[in-house]
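2 protein chains.
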Amino acid sequence: MELAKRRGFFWQAAPLHNPIAGFYDYAPMGSLVKRRFESLWRNYFLSLDDNFYEIEASVIMPENVFKASGHLASFVDPIAKCKKCGHAERADHLLEDVLKESFEGLAASDMIALIKKHGIKCQKCKGPLEEVGVLNMMFPLDVGTGKEAKKAYLTPETAQGAYVNFALAFDVMRRKLPLGLAIIGKAFRNEISPRQGLIRMREFTQAELQIFFDPDAITSHPKFKDIEGYQLRLLPAKSRDSGKVAVLPAGQAKELGLPEFYLYHMAMVQKFYLEVLRLPEQRFRFRELVGEEKAFYNKYHWDIEANLDTLGGWKEIAGLHYRTDHDLQGHGQVSGQKVAVNIEGKEFVPHVLEISMGVDRNVYGLLDLAYSEEPERVVLKFPRAVAPFDAGIFPLVRKDGLDAKARVIFDVLKQHGFRVFYDESGSIGRRYRRIDEIGVPAGITVDYDSMQQEDVTLRDRDSMQQVRIKIEQLPAKLRAFLQGAAMEASGK
Amino acid sequence: MELAKRRGFFWQAAPLHNPIAGFYDYAPMGSLVKRRFESLWRNYFLSLDDNFYEIEASVIMPENVFKASGHLASFVDPIAKCKKCGHAERADHLLEDVLKESFEGLAASDMIALIKKHGIKCQKCKGPLEEVGVLNMMFPLDVGTGKEAKKAYLTPETAQGAYVNFALAFDVMRRKLPLGLAIIGKAFRNEISPRQGLIRMREFTQAELQIFFDPDAITSHPKFKDIEGYQLRLLPAKSRDSGKVAVLPAGQAKELGLPEFYLYHMAMVQKFYLEVLRLPEQRFRFRELVGEEKAFYNKYHWDIEANLDTLGGWKEIAGLHYRTDHDLQGHGQVSGQKVAVNIEGKEFVPHVLEISMGVDRNVYGLLDLAYSEEPERVVLKFPRAVAPFDAGIFPLVRKDGLDAKARVIFDVLKQHGFRVFYDESGSIGRRYRRIDEIGVPAGITVDYDSMQQEDVTLRDRDSMQQVRIKIEQLPAKLRAFLQGAAMEASGK
Chain A
3 MELAKRRGFF WQAAPLHNPI AGFYDYAPMG SLVKRRFESL WRNYFLSLDD
53 NFYEIEASVI MPENVFKASG HLASFVDPIA KCKKCGHAER ADHLLEDVLK
103 ESFEGLAASD MIALIKKHGI KCQKCKGPLE EVGVLNMMFP LDVGTGKEAK
153 KAYLTPETAQ GAYVNFALAF DVMRRKLPLG LAIIGKAFRN EISPRQGLIR
203 MREFTQAELQ IFFDPDAITS HPKFKDIEGY QLRLLPAKSR DSGKVAVLPA
253 GQAKELGLPE FYLYHMAMVQ KFYLEVLRLP EQRFRFRELV GEEKAFYNKY
303 HWDIEANLDT LGGWKEIAGL HYRTDHDLQG HGQVSGQKVA VNIEGKEFVP
353 HVLEISMGVD RNVYGLLDLA YSEEPERVVL KFPRAVAPFD AGIFPLVRKD
403 GLDAKARVIF DVLKQHGFRV FYDESGSIGR RYRRIDEIGV PAGITVDYDS
453 MQQEDVTLRD RDSMQQVRIK IEQLPAKLRA FLQGAAMEAS GK
Chain B
3 MELAKRRGFF WQAAPLHNPI AGFYDYAPMG SLVKRRFESL WRNYFLSLDD
53 NFYEIEASVI MPENVFKASG HLASFVDPIA KCKKCGHAER ADHLLEDVLK
103 ESFEGLAASD MIALIKKHGI KCQKCKGPLE EVGVLNMMFP LDVGTGKEAK
153 KAYLTPETAQ GAYVNFALAF DVMRRKLPLG LAIIGKAFRN EISPRQGLIR
203 MREFTQAELQ IFFDPDAITS HPKFKDIEGY QLRLLPAKSR DSGKVAVLPA
253 GQAKELGLPE FYLYHMAMVQ KFYLEVLRLP EQRFRFRELV GEEKAFYNKY
303 HWDIEANLDT LGGWKEIAGL HYRTDHDLQG HGQVSGQKVA VNIEGKEFVP
353 HVLEISMGVD RNVYGLLDLA YSEEPERVVL KFPRAVAPFD AGIFPLVRKD
403 GLDAKARVIF DVLKQHGFRV FYDESGSIGR RYRRIDEIGV PAGITVDYDS
453 MQQEDVTLRD RDSMQQVRIK IEQLPAKLRA FLQGAAMEAS GK
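Sequence lines, in order, name chains A and B.
So the mapping is simple: our numbering equals the position in the first sequence, first residue as 1, plus 2.
So the mapping is simple: our numbering equals the position in the second sequence, first residue as 1, plus 2.
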């Protein structure tokens with residue numbers, strides 16, 4: 003977190019004023035990494051099918067949307083309020099802190115019984131906690147004024163934006179299934195005790211893909227053959243106690259009761275993490291949720307988890323949820339509109355498979371996994387695809403034409419589509435430390451030899467080794483280096 | 003608007019339920035165009051200087067932010083409320099509707115006098131309108147619960163996100179000016195009578211760049227020489243009655259009292275519109291605001307306007323605002339934090355030049371300008387850079403290997419970085435109509451001859467002419483076509 007602030011990744015929002023907990027702003031480097039993630043996500047998941055599209059929905063939505071989704075009635079946290087000082091705390095978190103056990107999903111009456119039994123007091127003033135109430139976690143708003151004001155809410159998940167747009171989008175995109183509607187956007191939850199930085203925020207970014215499909219087609223996927231042998235990393239509920247990840251080919255994972263359509267998307271999600279974001283595979287797993295852990299409408303629900311050192315172990319960073327027709331049915335009932343589709347004479351309400359990612363959690367996870375302390379430096383070993391820049395261009399000194407030459411190289415690399423930046427201030431050692439700490443894979447330096455030999459040094463962030471490369475070969479060599487080739491000097 | 007809905011650009015938000023006025027959702031085609039605009043904006047404006055960066059700020063901000071900015075006290079609309087039915091209306095809009103004159107900025111007391119004088123009644127029930135009050139246009143929120151809840155607001159402009167992050171960003175980005183902080187993000191205003199579709203919304207997207215600079219440096223810009231002769235299209239306040247745009251080289255425009263630093267950015271904004279977005283120049287102008295029309299803290303304020311047929315003439319789509327040190331001073335006073343910078347021993351509060359664009363307005367403007375009705379078709383003649391796709395790939399029929407061949411071409415073009423889509427359903431004529439109506443510049447068709455000759459037809463959206471091109475030459479020919487070259491058959 004110290005590095006994240008010092009090097010301009012993120013920090014508490016509105017830092018000039020008294021910030022409110024649970025809000026973070028992205029500084030220049032963090033904003034670059036976040037946009038990289040979003041762009042990789044978009045390219046990857048929208049390419050899964052010709053009929054997958056991105057849309058953008060308003061974050062303020064009318065009350066009926068959340069009547070339909072169930073959020074108005076059920077999106078509540080159990081709250082223990084102090085009679086004396088008024089301090090409110092999440093009852094399950096409080097119990098967890100004191101009794102060192104998880105109490106998520108427990109009924110309010112059981113929580114108050116536990117609080118009484120163990121004589122738990124207000125953590126602020128030691129006053130009495132006598133009731134556990136519920137608080138809806140949505141932010142309400144009045145749109146308009148006076149008698150004509152309309153009740154609305156900030157959406158607590160981007161998913162609803164896809165559901166309320168499904169019928170029209172299905173119509174204009176020519177009535178084919180599966181239809182995918184992706185939204186990368188903000189969501190808002192009035193968390194009572196936000197914690198753990200980017201992991202539990204009150205305003206956050208989600209990247210979610212809702213895949214609408216014919217439920218009769220769940221047992222197959224046209225591309226299942228391609229991933230049948232792909233090794234999934236799974237922690238089924240039954241082997242949770244052992245904590246041991248089972249590595250199973252997708253074809254064999256059917257034994258866990260999962261249909262092909264679900265397994266295909268499991269494989270594609272895992273490939274995104276291992277092949278695009280390049281998570282080390284032992285840091286990645288799917289974890290099955292069952293019973294009261296999962297939302298009641300999810301038929302299959304596996305969390306995607308990453309093992310993050312700074313957070314003490316496995317953390318949920320995404321989820322794959324088979325939501326059935328729960329959402330569309332709800333919206334149909336509340337709106338009185340037709341949500342069934344008719345495809346070649348067959349009428350049915352489509353089912354939904356949701357791929358849901360918390361963008362901030364993922365950005366934090368990438369930072370955690372990249373962070374390395376070495377004896378003489380701190381370095382962020384970002385995979386090249388998510389680094390804030392491809393390369394920094396440095397003149398050794400700011401005179402004798404070295405700066406002008408470095409500028410030209412900067413312009414040329416930029417025209418070639420590289421994400422580069424130019425920096426001429428401070429000693430070259432400090433500039434290298436800086437790109438190490440922001441995780442830029444390559445440093446390109448123009449020195450006095452460059453003026454005679456028309457070459458530069460290319461420095462590898464990870465090995466700190468340098469090779470000399472002819473300027474005319476630089477775009478090609480840099481491209482190869484970024485694509486994972488070892489560094490290679492000119493002429494080799 | 004009918005086309006925008008039918009072809010999947012945008013529509014009223016939450017279309018399944020009773021939508022609330024002033025909210026729009028972007029459907030698949032509109033989302034593509036919006037992202038194109040944002041990406042062009044980002045590439046262009048962040049390239050103006052090495053020290054310009056994008057950041058991302060929370061949209062929920064603590065109350066003090068808006069005490070500091072002045073929004074809490076002054077961001078109000080005059081409201082006339084009906085005594086009988088409670089209907090509320092913006093008083094200035096009501097006067098404008100009835101008296102066919104503009105009354106923006108008039109004091110509330112003068113408005114009520116006019117309402118009485120002209121005997122204006124409630125537009126809904128003909129009841130009496132006796133008072134004009136004010137309504138703050140921000141959406142308030144409570145964050146947290148009970149006694150511990152904190153007052154916050156949805157930000158009415160992205161600009162504040164840059165101001166509250168300036169001090170920290172300046173520090174971590176190594177204390178250089180000018181420093182640019184760009185935000186592409188949502189802003190929210192509780193408009194009483196939102197109208198004109200995407201032009202006045204309650205939730206909208208802004209792309210804003212705040213340039214922090216030394217006020218002593220306002221009389222010069224290191225690159226002014228480059229644009230000295232560039233012809234600016236200006237409507238100064240003094241010649242507003244004539245409506246005649248003055249076309250003046252930037253160097254000469256100094257006569258209007260504008261300093262070089264401001265003029266340089268005027269030129270760069272105009273170039274963005276004319277050279278990147280390719281607006282016809284007679285559709286573009288800067289319009290000077292003076293006196294009460296502009297915010298009191300803006301020293302220079304020129305709107306950027308486009309002449310849009312569907313809205314009956316010139317409409318504001320952006321603004322260039324010299325906000326002085328108004329914002330930073332306000333944040334410094336309310337927070338008690340230091341906002342002055344110290345550069346080489348000189349201490350001062352930076353001034354701000356703001357380039358502000360309404361993304362939705364610009365997307366709407368691009369649609370308006372692209373819309374053409376021809377005798378036998380409707381076509382969106384989008385400039386190639388903002389079209390939702392570069393090309394559609396069509397097999398003439400879905401059999402005899404034509405579809406497989408078209409698929410291969412689709413994959414190859416995608417690998418070459420083209421934004422393409424594949425469509426095999428419906429007659430080829432209908433598929434051409436469809437890409438005409440969504441504004442895709444090129445249609446590529448695989449027919450029976452293609453199977454022998456290894457070529458395809460490339461159809462130009464605007465001229466509807468077709469030429470045959472060898473498949474192996476397609477990437478190069480398509481690239482040239484998209485960059486503005488005339489269509490050229492193979493071998494020519």
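These are calculated hints, taken from the structure and not from any lab test.
Please note: incorrect hints may appear among the correct ones.
Note: identical chains are not told apart, hence a pair may lie in one copy or across any two.
[As the list claims (entries may be wrong)] In silico lysine to aspartate or glutamate, EDC-like type, Cα no more than 16 Å apart, as pairs:
hint, residue 1, residue 2
1, K317, E456
2, K407, E426
3, K246, D144
4, K119, E490
5, K178, E426
6, K85, E132
7, K152, E91
8, K102, E283
9, K149, D51
10, K7, D173
11, K152, E193
A quick look at each hint next to the structure:
1. K317 <-> E456: Answer is neither; intra-copy 49 Å and inter-copy 52 Å both fail.
2. K407 <-> E426: Within one copy only: 12 Å inside a chain, 51 Å across chains, cut-off 16 Å.
3. K246 <-> D144: For K246 and D144, the Cα distance exceeds 16 Å both inside one copy (50 Å) and across copies (44 Å).
4. K119 <-> E490: neither (68 Å within a copy, 84 Å between copies)
5. K178 <-> E426: between (55 Å within a copy, 12 Å between copies)
6. K85 <-> E132: within (7 Å within a copy, 46 Å between copies)
7. K152 <-> E91: between (30 Å within a copy, 15 Å between copies)
8. K102 <-> E283: Neither, since 30 Å and 68 Å both go past 16 Å.
9. K149 <-> D51: neither (47 Å within a copy, 50 Å between copies)
10. K7 <-> D173: So K7 and D173 pass the 16 Å test across copies only (10 Å; inside, 47 Å).
11. K152 <-> E193: between (24 Å within a copy, 13 Å between copies)
The structure does not agree with the numbered hints 1, 3, 4, 8, 9 stated previously, though it agrees with the rest.
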